[in-house]
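Spelled out from the first residue to the last, the chains are:
Protein chains: 2
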Amino acid sequence: MTGHNSNFFILQNYQISKPMSSIELKKISTRAPKEWDKEETKKKTAKILEELDELQNLLFAESKHSVLVVIQGMDGSGKDGLIRNVLGNMNPQGVMVKSYKAPTAEELSHDFLWRIHQHVPAKGMIQVFNRSHYEDILVTRVHKWCDDTTAKKRMKAINDFEELIQEHNHTHILKFYLHISPEEQQERLHERLKDPAKMWKYNEKDFEEAKLWDIYMQMYEECFENCNKVPWTIVPADQNWYKEYIVAAQLHDVLKHLEMQYPGLKK
Amino acid sequence: MTGHNSNFFILQNYQISKPMSSIELKKISTRAPKEWDKEETKKKTAKILEELDELQNLLFAESKHSVLVVIQGMDGSGKDGLIRNVLGNMNPQGVMVKSYKAPTAEELSHDFLWRIHQHVPAKGMIQVFNRSHYEDILVTRVHKWCDDTTAKKRMKAINDFEELIQEHNHTHILKFYLHISPEEQQERLHERLKDPAKMWKYNEKDFEEAKLWDIYMQMYEECFENCNKVPWTIVPADQNWYKEYIVAAQLHDVLKHLEMQYPGLKK
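Residue numbers (the working numbering), protein chains in the order written: chain A, 1 to 267; chain B, 1 to 267.
Worth flagging that the hints you see were computed from the coordinates, not collected in a lab.
One or more hints might be untrue.
For chains that are exact copies, the list does not tell them apart, and a pair is met inside one copy or across any two.
[Stated by the list, open to error] Straight-line alpha carbon distances no greater than 25 Å define the calculated SDA-like cross-link-like pairs of lysine to any residue that follow:
1. K64 <-> R115
2. K42 <-> L212
3. K152 <-> A122
4. K153 <-> K229
5. K123 <-> D160
Looking at chain A on its own, in the form it has when it is part of the complex:
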């Protein structure tokens, strides 16, 4: 994050852009700073979203740059809500969302980046990944489907891949980890048992996965250490209003600094 806006000081602290061997997620707060005003922030977010809509239109019109937004986080961390409320606020013609689930048989018969590369953004587009290639060094490691040697090779391949789309297609990559506490996760998973509008998300296996919290955190930490040529942003995500603000503000900041302009009449 650039330092020109003092609102970003917290974000800046949490952004990982250099090799770090000592990051401990449990030492990073999952909540907004105490002094942070909820209503004030919501107003700011609304204003940012308005500007984002215009910036995205410009991105689309100019068709020079593209943006890839990678969203990772534990079950219940609010990925879907973030997409709906922040990314879904722009013209869907220029914003595409790809949700990565367990790979299909056809996907498994290719290298792990094959299904990812197909969906990188064309010039002018914003592409959102709801989960991503990072699952191949997260859930797969937690369940020991992927050994450490393979994981290391995958990390290198991921770094090469991100370099490829950055260098060769003006793709700006933003990587967000939605950071919630295990307590908040439990609360949200249980809500799915009660709220009719959330029941469709209920999956009893999520409770089994939740028991693997610590090992997931370790794998995330190793991921941040090894795949940070493109920096990660750790987004405190226990409060949706704060999470949405952080992501919207960062996307806004990136788009704002592209120095884009509407092309004139075609000759």
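Let chain A serve as the given structure and place chain B on it in line with the hints.
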């Protein structure tokens, strides 16, 4: 090429598997060695093709490995004929051919490897590229659409990409450069003006491209120097019977050494 078959001594000399800064294509013969017997070679090729058909079936059945055959060469070097006579001899269910032409608008709005990655072989498959990602450091450089800095970055990206599919999907990559002389090229291009079965291939622009022979050779030489983690084979290609033998034999050699076996009954 492994050294277990003395037939391959010529091939071996021409295979580039280490950084070489001194390769000069014009010093490499485009013809079979004088003592090489045409009829004998054709018989050998026929036998190899029979075995290839069986080996490909095994590759498909086992679905553990995959093979990518990259074919490059100047206009008239015999890429189409090679595909028809050697690769086309196997079960088309397990052999796919992708011909790369000038990129479409959609392809140009992505990184140059985007359209390539989509067509890498699934496990069990043989994929043939008729022209390939290498055009992005060949024709593009000859015509100055791609500067040297970009070319260097593309070479790195190509090496990373080939490593990706090798390491992460058991893909065996064979890269063939069909090496013809400029005289042979002229003869073949002129044939297209006369032979009704070849007229469809005639393109007057090919004669313009042919004038750029020397700069093409230089770009090929730089390509071989910089993108050889996966070795290239320079195939003397003025005589089709020799070219077909070399490629068939090398593909056979690779498949033979995969130690494949038919899976038993599924449990």
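Checked hints:
no., hint, verdict
1, K64 <-> R115, "both (24 Å within a copy, 19 Å between copies)"
2, K42 <-> L212, "neither (34 Å within a copy, 62 Å between copies)"
3, K152 <-> A122, "between (29 Å within a copy, 23 Å between copies)"
4, K153 <-> K229, "both (15 Å within a copy, 17 Å between copies)"
5, K123 <-> D160, "both (20 Å within a copy, 23 Å between copies)"
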